[in-house]
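Asker: Below, each chain spelled out in residue letters.
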Amino acid sequence: MMDFDIPRIPLGDWIEGGLDFLTSEFSGVTRAISRTTQTGISLLNDGLMWMPIWALMALVILLCWRLSGRRLAIGALLGLGLIWNLGLWNPMIQTLTLVVLATLVAIVIALPLGILAAVSDRFYRVIMPILDFMQTMPAFVYLIPAIPFFGIGSVSGIFATVIFSMPPAIRFTTLGIRQVPKELVEAADAFGSTRSQKLVKVQLPLSLPTVMGGINQTIMLALSMVVIAAMIGANGLGSEVWRAIQRLRPGEGFEAGIAVVIMAMLLDRLTQTLSGRKKKP
Amino acid sequence: MQNDSQVKIQVRNLSKVFGDDPKKALKLRDEGLKRPEILEKTGQTLGLSNIDFDVRDGELLVIMGLSGSGKSTLIRCLNRLIEPTEGDIIIGGENIPRLSEKALLQCRRRHFSMVFQNFALFPHRTVQMNAEYGLEIRGIPKAERQEKATHALKQVGLEGWEHAYPTQLSGGMQQRVGLARALANDASVLLMDEAFSALDPLIRRDMQQELIELQHRTKKTTIFITHDLDEAINIGDRIILLRDGEIVQIGTPEEILTHPADDYVARFIQGVDKSRVVSAQRTMRPVRATARDTDGPRTVLRKMVENGLDSIYVVDRERRLLGIVTVDEIDAAAKSGQEAIDTLISKDFPSVGPDEPLASLYKMFTGNSYPIAVIDEDSRLMGVVVKGAVLEQLAEAEAE
Ligand SMILES: Nc1ncnc2c1ncn2[C@@H]1O[C@H](COP(=O)(O)OP(=O)(O)O)[C@@H](O)[C@H]1O
Ligand SMILES: [Mg+2]
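Taken in order, these protein sequences are the chains called A and B. Going left to right, the first sequence walks through residues 1 to 281 as our numbering numbers them. Going left to right, the second sequence walks through residues 1 to 400 as our numbering numbers them.
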């Protein structure tokens with residue numbers, strides 16, 4: 001055996017160095033982000049907790065009924081009733097808070113990026129490989145850089161969740177806009193529309209169902225990530241599972257798991273009916 | 001005969017190459033190569049080559065050619081939905097290929113509105129909102145654009161459908177929305193790319209007729225594209241014939257049918273029913289003699305005898321046609337010593353405008369045997385059509 005002594009490439013050291021540099025250089029920024037996010041979490045969480053359980057439940061059931069129909073409303077009643085009965089209402093609200101916030105932030109970032117990738121071929125070529133990379137990366141790897149920036153806790157959880165759940169919203173926005181029939185874009189051009197008029201009056205409205213499909217996926221990914229983020233101290237159903245694992249209580253773990261599944265199904269159906277909804281003539 | 005109307009758009013030396021080395025393609029073109037050879041040598045398509053024509057103010061100009069001849073490319077070069085490779089397009093003192101992006105937007109808003117083959121209506125907007133689109137992006141206040149859109153929808157017969165969505169309408173009605181969207185915009189030129197080609201033949205006929213009427217009423221300069229010669233002849237004031245990106249002939253429908261520029265055009269027009277196209281003006285002869293309203297019976301009788309006529313048309317000082325008198329009545333009046341002919345003038349005579357097609361002239365010869373008077377818009381007598389000439393022309397048309 002020949003033993004070439006090829007030095008190991010210190011990839012990990014470089015990444016660490018980069019992270020150190022970023023955390024020290026931008027500590028002001030990260031602290032500001034951290035504070036704002038923390039405030040957002042508290043406000044939303046407190047708001048949802050302040051509502052009587054029956055009122056919130058009734059609200060969700062009503063929403064399901066109006067947007068989808070009786071079946072989903074009954075499903076919501078049974079599902080939410082079970083969660084409440086298992087004593088998982090508060091962790092569920094914490095998880096919901098994180099999902100809602102992370103999704104909002106993800107959408108706010110993803111929409112402009114998606115639009116940009118739709119109108120600029122060059123940006124499209126840059127961002128698509130990045131998205132591929134982001135989506136093939138194992139989910140919990142995102143937890144690692146979150147900690148040096150934001151420490152252990154829910155803020156880190158949101159940070160990792162935003163990054164993890166953003167790609168579909170970007171992709172679907174780009175896809176939706178690019179799928180708008182060429183003739184319609186041409187018609188808009190022929191009448192002398194500016195770029196932004198074309199976007200606002202033709203391309204975005206017509207890509208809305210696709211964009212909503214992307215947002216649906218983003219919500220689903222956010223939910224799964226928020227559960228994983230319990231590993232770095234994000235509160236909610238995830239931490240219930242985590243605790244059950246550590247205490248070797250599989251039954252409790254499954255109960256929390258079932259609560260996550262119920263949430264996923266309700267969120268999925270609700271956003272799906274939103275995206276599938278046709279303009280009523 | 002052709003009145004020298006004002007020129008609305010001048011197109012000069014317009015060429016378009018689809019490909020990445022247009023200079024090379026144009027150089028080969030200048031060396032005399034045609035589209036197929038250039039495609040073979042460079043892999044580039046010579047979409048348009050050296051296009052020269054004027055669009056006259058208020059005319060309905062048809063651009064016709066087989067599929068792939070470059071019609072869509074040409075019409076899209078006018079408003080630069082496709083960038084021309086070289087050439088000038090001048091409208092209102094502006095040279096469109098030279099305009100900045102911003103000026104181009106203004107130019108499109110002011111000068112061009114477009115109707116598309118596949119309608120290209122916005123499915124998320126109501127009929128009314130579709131019609132308002134052009135005005136909306138120009139920032140016209142809501143009340144005004146509503147009024148204009150409503151008016152345009154009325155013009156195309158879509159009253160009551162304002163709140164429908166395009167998908168709820170039939171093809172013919174959808175294209176009416178397309179037309180209304182273009183008309184509401186008040187642009188100075190209407191571009192129609194195979195606007196009726198996707199419609200059923202019957203609906204298509206109706207739409208053609210309505211377009212002709214609308215166009216005559218509004219005098220909106222219209223450029224209409226079609227691959228269908230019958231349609232071109234039916235609606236066009238003038239026709240431009242395109243082949244492989246080049247103009248083969250420009251002329252009125254009649255000129256193209258009676259004097260095809262080359263074998264290609266001649267082959268193209270085979271099978272077209274000429275009797276529908278050849279006009280009264282073409283068949284008419286100068287009037288041998290006319291009577292004046294101030295003439296006495298004896299003068300008129302003499303004119304008739306000298307020219308061998310048994311009826312004669314009576315005109316006033318401006319050559320406006322008043323009526324017809326027959327030799328028997330004039331003879332009787334002359335014998336009875338009558339001084340004036342005004343009581344003898346009969347209004348019962350056939351008359352047509354100069355554009356009346358041959359086919360309908362023939363039907364008019366059933367009753368009396370007077371020659372048909374051809375009169376202009378001011379009812380001045382231009383000439384007469386006799387039965388023999390019509391038969392002759394029809395026979396000629398059959399023979400070809
Ligand atoms: N974007 C394009 N790229 C390459 N070739 C094109 C493009 N658009 C049109 N062509 C070619 O140019 C020619 C004229 O096309 P077009 O103007 O669409 O014809 P028409 O409307 O008369 O059917 C055709 O040979 C077509 O294949
Ligand atoms: Mg075409």
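Possibly wrong hints are sitting among the right ones.
What the hints assert, rightly or not - DEER-style ranges, computed between Cβ atoms:
#1 Q179/A - K142/B: 43 to 53 Å
#2 I203/B - L77/A: 34 to 44 Å
#3 H151/B - W50/A: 40 to 50 Å
Stated by the list, open to error - 30 Å max Cα-Cα, derived DSBU-like pairs, lysine-lysine:
#4 K363/B - K201/A
#5 K335/B - K347/B
#6 K198/A - K303/B
#7 K142/B - K154/B
#8 K363/B - K198/A
#9 K201/A - K387/B
#10 K335/B - K363/B
#11 K102/B - K220/B
#12 K363/B - K387/B
#13 K142/B - K182/A
#14 K148/B - K201/A
#15 K41/B - K23/B
#16 K8/B - K198/A
#17 K387/B - K198/A
#18 K363/B - K182/A
#19 K220/B - K201/A
#20 K303/B - K182/A
#21 K220/B - K182/A
#22 K201/A - K154/B
#23 K142/B - K23/B
#24 K347/B - K198/A
#25 K182/A - K335/B
#26 K347/B - K182/A
#27 K142/B - K303/B
#28 K198/A - K335/B
#29 K148/B - K102/B
Quick caveat, the hints were computed from the structure, so don't treat them as lab data. Beta carbons are placed, not taken as given, at the ideal position from N, Cα and C, and that holds for glycine.
Asker: For each hint, tell me whether it holds in the structure or not.
Answerer: Each hint tested on the structure:
no. : hint                        : verdict
1   : Q179/A - K142/B: 43 to 53 Å : 31 Å, violated
2   : I203/B - L77/A: 34 to 44 Å  : 54 Å, violated
3   : H151/B - W50/A: 40 to 50 Å  : 56 Å, violated
4   : K363/B - K201/A             : 55 Å, violated
5   : K335/B - K347/B             : 23 Å, holds
6   : K198/A - K303/B             : 73 Å, violated
7   : K142/B - K154/B             : 18 Å, holds
8   : K363/B - K198/A             : 55 Å, violated
9   : K201/A - K387/B             : 61 Å, violated
10  : K335/B - K363/B             : 37 Å, violated
11  : K102/B - K220/B             : 25 Å, holds
12  : K363/B - K387/B             : 10 Å, holds
13  : K142/B - K182/A             : 28 Å, holds
14  : K148/B - K201/A             : 20 Å, holds
15  : K41/B - K23/B               : 13 Å, holds
16  : K8/B - K198/A               : 29 Å, holds
17  : K387/B - K198/A             : 61 Å, violated
18  : K363/B - K182/A             : 50 Å, violated
19  : K220/B - K201/A             : 28 Å, holds
20  : K303/B - K182/A             : 71 Å, violated
21  : K220/B - K182/A             : 28 Å, holds
22  : K201/A - K154/B             : 25 Å, holds
23  : K142/B - K23/B              : 48 Å, violated
24  : K347/B - K198/A             : 62 Å, violated
25  : K182/A - K335/B             : 82 Å, violated
26  : K347/B - K182/A             : 60 Å, violated
27  : K142/B - K303/B             : 68 Å, violated
28  : K198/A - K335/B             : 84 Å, violated
29  : K148/B - K102/B             : 25 Å, holds
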